[in-house]
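**Q** From first to last, the protein sequence lines are chains A and B.
So for the first sequence, my numbering puts the first residue at 81; every next one is plus one.
So for the second sequence, my numbering puts the first residue at 1335; every next one is plus one.
If you are wondering where the hints come from, they were derived from the structure by calculation, not from laboratory data.
What you are looking at is a predicted structure, and each value in this text was computed from that prediction instead of being measured.
Be careful, since some hints might not be right.
[As the list claims (entries may be wrong)] Some but not every residue of chain A turned toward chain B, in silico, with C-beta under 10 angstroms: (1) 410; (2) 411; (3) 473; (4) 477; (5) 478; (6) 528; (7) 573; (8) 576; (9) 705; (10) 709; (11) 801; (12) 815; (13) 816; (14) 817; (15) 818; (16) 839.
[To be verified] Per label pair, the in silico range of CB-to-CB distance: (17) A/442 <-> B/1404: 56 to 62 angstroms; (18) A/750 <-> B/1517: 54 to 60 angstroms; (19) B/1480 <-> A/466: 58 to 64 angstroms; (20) A/851 <-> B/1404: 35 to 41 angstroms; (21) A/500 <-> B/1363: 52 to 58 angstroms; (22) A/713 <-> B/1496: 34 to 40 angstroms; (23) A/428 <-> B/1363: 39 to 45 angstroms; (24) B/1496 <-> A/537: 57 to 63 angstroms; (25) B/1496 <-> A/591: 42 to 48 angstroms; (26) B/1496 <-> A/524: 37 to 43 angstroms; (27) B/1480 <-> A/586: 52 to 58 angstroms.
From the three backbone atoms N, C-alpha and C, an ideal C-beta is built for every residue, glycine too.
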Amino acid sequence: MKIFLSVAMAFVMAHSFAQTCDFTLQGIIVDLHDDSFLDGATIILAGTDNAVLSDFDGNFKFSNLCAGTYNLQISHPACTTKVFTVDLDGDITETFKLEHHLEELNEILIKGNTYYTKAESVLENRISQETLDNNSSASLGDVLKNISGVTSLNTGNTVVKPVINGLHSSRITLINNGVRQQDQEWGAEHAPNIDLNTAGNITVVKGASALQYSGDALGGVVVAEPAPVTLKDTIFGKTILSGQTNGRGGSITSSLTKSYENGWFGRVQGTAKRYGDFEAPDYILSNTGLSERDFSINVGINKIKYGIDVYYSYFKNEVGILRASHLGGAEDQVSAINSEIPLVINDFTYDIDAPRQDVTHHLGKLSGFYNWDNIGKFKFTYDLQRNNRFEYDVRRDSEDDTPSVDLELTTHNLTLSLESDVSEVVSLKTGLVGNYQKNFADPSTGVRRLIPDYDQYKFGVYGIADIILTDKWIAEFGARFDYTYMDVFKFYRSSFWEERGYDLTFPDLVIDDLGTQVLTNPELTFNNFSATAGFSYKFSDDYALFANYSLASRAPNASELFSEGLHHSASRIEQGDLSFKSEKAQKITVTFQKKSKRFSFAVNPYASFMNDFIVIEPTGIRQTVRGNFQVWEYRQTNARLLGIDTDASYKITDALNFTNKFSLVKGFDTTKDDALINMPAANLSNQIDYKLPFKQTINIGLESNYVFEQNEFPENNFEVFLAETDTFETVDISTPPAAYHLFNFNAGTQFNLGSTSKLNLNLKITNVLNTSYREYLNRLRYYADDLGRNVLLQLKINY
Amino acid sequence: MKNLKYIIPTLLLTVFMASCSDDDDTPEAVNEEEIITTVTVNLVSDTGNITLISTDLDGDGPNAPVIEVSGNLKTGTTYVGSIEFLNATESPAENITEEVEEEADEHQVFYIPSGGLDVAVTYGNFDSNGNPLGTIFSLDTTTAGTGTLNVTLRHEPTKPNDGTLANAGGETDVSVNFAVTVEE
């Protein structure tokens, strides 16, 4: 009996053992904040030697477990390790939430449009840390060109302004470290004063649908976010050194981050760049050197409940403008354009002489957030920016080092926002923005002010709702209102004041009559309404469709309103119009996307219809004592932009990858029934990357970039009398340059230096064939070829 | 986090005060230093003096230069010529000729008669390298005719040059066309 019982017991136990030890425990690891999946988390079943990693979608699975209580220790490189207790009495699937601190810090920055920032949904719109690192010596504008549909408006090779879907300057909002950059972006030869090495990644939202940033970004929004800080006791940093043949210079950038588990962190970062004259294939581009010095410092505390962040950055650069581009009048323009080579070519030098720009930008920021239970996340950002721009023209007295432009732009900005989940399906972003800006133009330049003194007050309010309709459908609606008041003191030439008829239309604005000029005090008010509506639809895991409508409205900028004088770098007289209204644009954009491991693509057609669009174009010739100049006047018109951007990426084998990018935009002035000026030409880029089959991994890549000839352009040529030959000569300023094809090569490898340090070595050759070419959107294309071959060697150390 | 309660009002106040501390002073007018408003060519001879004047007080503004020629030149005459550049927006007018002469090696004045005008111009002053400057010159007339006399001041031309604008290069600071008649 005893034996029977024992056997029976043994059988029962064995049976029960067999029955209860084939349970599975499945789980998904997600981010507590945005429910995004965390891959690469290590899950250890405490007390056993069972450990697994979560897959790409955050899934993990333990099989053949017995019933009982288990402790799961889940760790992730970006999170604090956490222990979960699970009672297992059957197959279960559970979701585990980790505090993803990488994301957490970025929470201070208000996130962009859901469609674009949601789980890497649109591959073409983000520039990764790696790409930024590889371009550490480049300008922001050059790096943004990695995104299809983004080109640049250049003044030479060092002043590079981003152009998104054909629009630039005031039509693009730059968000640098959570604040809107205020650096006199209205000027065509004013590049953004941002060191791209302060950014951890850059996102581009094409169009005005990211209303939390601005309502006037007809072109788009560029968001540069700092690299994330982990909430761990750690210290890490990197240094990137690069040297290049073209410009015979180099750059160094370095950053160091210290963080603590209790939430405190600090980071310092600095960059220095120095180049001499750059070179075209056949000659030196005299006076195109560059000197840049930047640093930033960041301290803060970051908790689940709240966080505070203090940031300061300093940016200073000095840029030489091609000497041969500084012209006296139309006669000079004729000889400069007709000459095959620049009219001034000197020996190579590191000196930067007039014409040159010297710009300093300070940005100070204090921001924070607080999570109110049941209400949402409240955020505030206050920032103070001071932008000091000096432009030095060639003066009659070459010893005279007085700038011709001396502008000081000071901006205070306060943003308050609240992000709340109204229900399971509706989340709401609302915010208030207050902004005060003062421009001071120093009169001691001895040159009439380019931009008048003004005080500007802005007030904005917005609301954006995201609605999750089903698993597949997400809808978004947003609206924003901006009020702008400008109090301006502007000296007009009496002759201009009268020629324009302002003495009849605006007689009350004159507060002082000085004979040859009048002092006026225009007070301008603009009310701008903007809105967006859109949806995303997920067909399957691979396919998604995004559609968006946006209405943007932009108040004219100080340059468009008040320009009145000679622009040496363009050899033309530019005139604004005091009576301008806001320009408005309606844009419809659709993106169809497939994303899979092997083959991905995105097709993004768009159409934009603009009313009172502000363009500048030639209206005549003016005689001055210096000879003739072409007069360019700002004008409001109706216009439309139609375009398409495509991206494709195909992984042929694990080692071989092919990518293709294409963008095309057609701009048309519907009032004038003519093409819009300065539209980027169609652009096709193909790239092959190959991982060489060696023990030491070496990646090589070859890129072909073909830029078509722009064949749609308005004809703005004019005739000028040449005394010497007693003839009239046509000045061809309209015809775009020929198409060009450039090849770029890169190679890179990585070495591990101990457990935490890495060394990357990259070699990059741009314009491999040393092709001579000119780019339509380079303002100096009349005078010189673009850059020749450049060999760049880069050394990056992570520690 | 209690601090937030104080930080936000403080910030608001800062912005508000910054907005209000705005001074009401009107800006100063700019004295244009680089501008040349008036070009005067004096031609002196035994048979009479001629003055050619171009005045453009609004600089790059919409008004065209006013060009005055005091009379016709005589054939077969040698004129002693001088040129004066003024900035008349300043009071008293600034004489820019002096500045040009001080930096003679960086400047050159060119006198270019058009086809119908039978005159010859000879440089009368030179820079320290012995290259022509041209603020003093002589002008010889031969036969009668009508045409334009172009006067150009170039900054940083190639020196020496072959006397043509194309060869000289540089930047145009002044370019004025005077309608001139040479008569018996």
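**Q** It remains to establish, for every hint, whether it holds in the given structure.
**A** Hint-by-hint comparison with the structure:
1. Interface hint status for residue 410 of chain A: upheld, as the beta-carbon distance to the closest one in chain B is roughly 9 angstroms, under 10 angstroms.
2. At a threshold of 10 angstroms, the smallest CB-CB gap from residue 411 of chain A to chain B is about 6 angstroms, leaving the interface hint in force.
3. Given the 10 angstroms rule on beta carbons, the hint for residue 473 of chain A holds: about 8 angstroms separates it from the nearest Cβ of chain B.
4. A distance limit of 10 angstroms between C-beta atoms decides the matter here; for residue 477 of chain A the minimum to chain B is near 6 angstroms, and the interface restraint holds.
5. For the restraint placing residue 478 of chain A at the interface with chain B, the shortest Cβ-Cβ distance is roughly 6 angstroms, inside the 10 angstroms limit, so the hint holds.
6. Because the beta carbon of residue 528 of chain A sits about 5 angstroms from the nearest beta carbon in chain B, less than 10 angstroms, this interface hint is met.
7. Checking residue 573 of chain A against chain B: minimum C-beta separation of about 4 angstroms stays under 10 angstroms; hint holds.
8. Using the Cβ-Cβ criterion of 10 angstroms, the hint placing residue 576 of chain A at the interface with chain B is satisfied: the shortest such distance is roughly 5 angstroms.
9. A least Cβ separation of about 5 angstroms between residue 705 of chain A and chain B falls short of the 10 angstroms threshold, and the interface hint therefore holds.
10. Restraint check, residue 709 of chain A versus chain B: the minimum CB separation of about 7 angstroms is within 10 angstroms; hint holds.
11. Given hint, residue 801 of chain A at the interface with chain B, holds; its Cβ is 8 angstroms from that chain's nearest Cβ, closer than 10 angstroms.
12. Nearest Cβ of chain B to the Cβ of residue 815 of chain A: about 22 angstroms, over the 10 angstroms cut. The hint is violated.
13. For residue 816 of chain A, the shortest C-beta to C-beta distance to chain B is roughly 26 angstroms, which exceeds 10 angstroms, and the interface hint is violated.
14. Violation of the interface hint for residue 817 of chain A is found here, the shortest Cβ-Cβ separation to chain B being roughly 23 angstroms, above the 10 angstroms cut-off.
15. Among the interface hints, the one on residue 818 of chain A is violated; its C-beta lies about 26 angstroms from the nearest C-beta in chain B, farther than the 10 angstroms criterion.
16. Taking 10 angstroms as the C-beta cut-off, the interface hint given for residue 839 of chain A is violated, the closest approach to chain B being about 42 angstroms.
17. A hinted range of 56 to 62 angstroms holds for the C-beta pair residue 442 of chain A and residue 1404 of chain B, which are about 58 angstroms apart.
18. Between residue 750 of chain A and residue 1517 of chain B the beta carbon distance is about 58 angstroms. The supplied range of 54 to 60 angstroms therefore holds.
19. The supplied range of 58 to 64 angstroms is met by residue 1480 of chain B and residue 466 of chain A, whose beta-carbon atoms lie about 60 angstroms from each other.
20. For residue 851 of chain A paired with residue 1404 of chain B, a C-beta distance near 58 angstroms fails the hint of 35 to 41 angstroms.
21. A hinted range of 52 to 58 angstroms for the beta carbons of residue 500 of chain A and residue 1363 of chain B is consistent with their spacing of about 53 angstroms.
22. Range check, residue 713 of chain A to residue 1496 of chain B: about 39 angstroms between beta-carbon atoms, so the 34 to 40 angstroms window is met.
23. Remark: the range hint 39 to 45 angstroms for residue 428 of chain A to residue 1363 of chain B is upheld by a beta-carbon distance near 43 angstroms.
24. Between residue 1496 of chain B and residue 537 of chain A the Cβ separation comes to about 60 angstroms, which falls inside the hinted range of 57 to 63 angstroms.
25. Taking 42 to 48 angstroms as the suggested C-beta distance range, the pair residue 1496 of chain B and residue 591 of chain A does not conform, at roughly 54 angstroms.
26. One distance hint, 37 to 43 angstroms for the beta-carbon pair residue 1496 of chain B and residue 524 of chain A, holds here, with the actual separation near 40 angstroms.
27. About 45 angstroms separates the C-beta atoms of residue 1480 of chain B and residue 586 of chain A, a value inconsistent with the hinted range of 52 to 58 angstroms.
Consistency note: the structure conflicts with the earlier hints numbered 12, 13, 14, 15, 16, 20, 25 and 27.
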